[in-house]
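Each residue of the sequence shown is one higher than the one before, starting from 1 at the first, in UniProt numbering.
Heads up, a few of these hints could be off.
[Claimed, not checked] Straight-line Cα separation of at most 30 Å, DSS-like style, residue types lysine-lysine; simulated pairs:
#1 K44 - K142
#2 K121 - K111
#3 K31 - K48
#4 K121 - K31
#5 K142 - K160
#6 K146 - K47
#7 K31 - K7
#8 K44 - K146
#9 K160 - K48
#10 K163 - K142
#11 K48 - K2
[Said to hold, decoys possible] Here are the simulated distance ranges between beta carbons:
#12 K121 - L73: 33 to 39 Å
#13 T35 - T99: 30 to 36 Å
#14 N5 - I56: 42 to 48 Å
#15 E145 - I84: 18 to 24 Å
#16 T82 - T11: 18 to 24 Å
#17 R22 - H108: 50 to 56 Å
#18 T35 - I57: 26 to 32 Å
#19 I103 - T35: 31 to 37 Å
#20 T141 - I28: 18 to 24 Å
#21 Q156 - I8: 28 to 34 Å
#22 V13 - T141: 21 to 27 Å
#23 K146 - V46: 21 to 27 Å
#24 I64 - V153: 39 to 45 Å
#25 G133 - T82: 22 to 28 Å
Treat the hints as calculated values from the structure; they're not laboratory data. Glycine included, every Cβ here is placed at the ideal spot set by N, Cα and C.
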Amino acid sequence: MKIQNIKIIETVVAIVVYLILRGVTNKIIDKTVATSFMRKTRAKIVKKGIDIIFLIILFTIVLIVWGVDQTELAFFIGSVLTVIGVALFAQWSILSNITFGIILFFNHFVKLDDSVKIMDKEYDIEGRVSDIGLFFVILKTKEDEKVSIPNNVFMQKMIKQQKSE
C-alpha cells in the first residue's frame, strides 16, 4: 500500500511539473511573438507542437513510474511507430498532407488570420484562415461557415491573398 501511495505522489508531481513547464513555455512563446515580427496567431501552432511533445514525455514518465519495463515501453513505442509508418505509407495522401502542413507552416505566404480566395475551376472559396493543422487548413467564410481543405489540395490550388479589412 505504501509503494502505491509513492507512485500516486510521483504521478501527481509529474503532472504538476508538466503543467508548470507548459505554462512557462506558453509565456515564453507569447513574449517571443510579441517582441518579434511574427504574428500573434502563429504562436497557436507552435504551442500545439510543444504541447504534444510535453504530453508524450509526461505519458512516458507516468508509465515508468507505474512500473512498465523500459524495454517493454521501447518495444511498444517501436511497434506503434511501425504501424503508424505502414499506415501512412499505405495511405499516401495522409503523408502528403503532413508534409504540406509542415511546408505551409515554414514556407508559405498564407498565415493564420489571413483572408484568402482559393480559385478553382468549379467553385471559388473565400474566407479567413482560422487554423493550419497537420492535415487540414480551416477557412472561416463570411457566412461563418468552417471549410476544411486538405493541405495537399490547398498547396495545389491558386490562392489570392485578400486585403485585410
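Which numbered hints turn out to be false for this structure?
-> 4, 7, 11, 12, 14, 15, 16, 17, 19, 20, 21, 22
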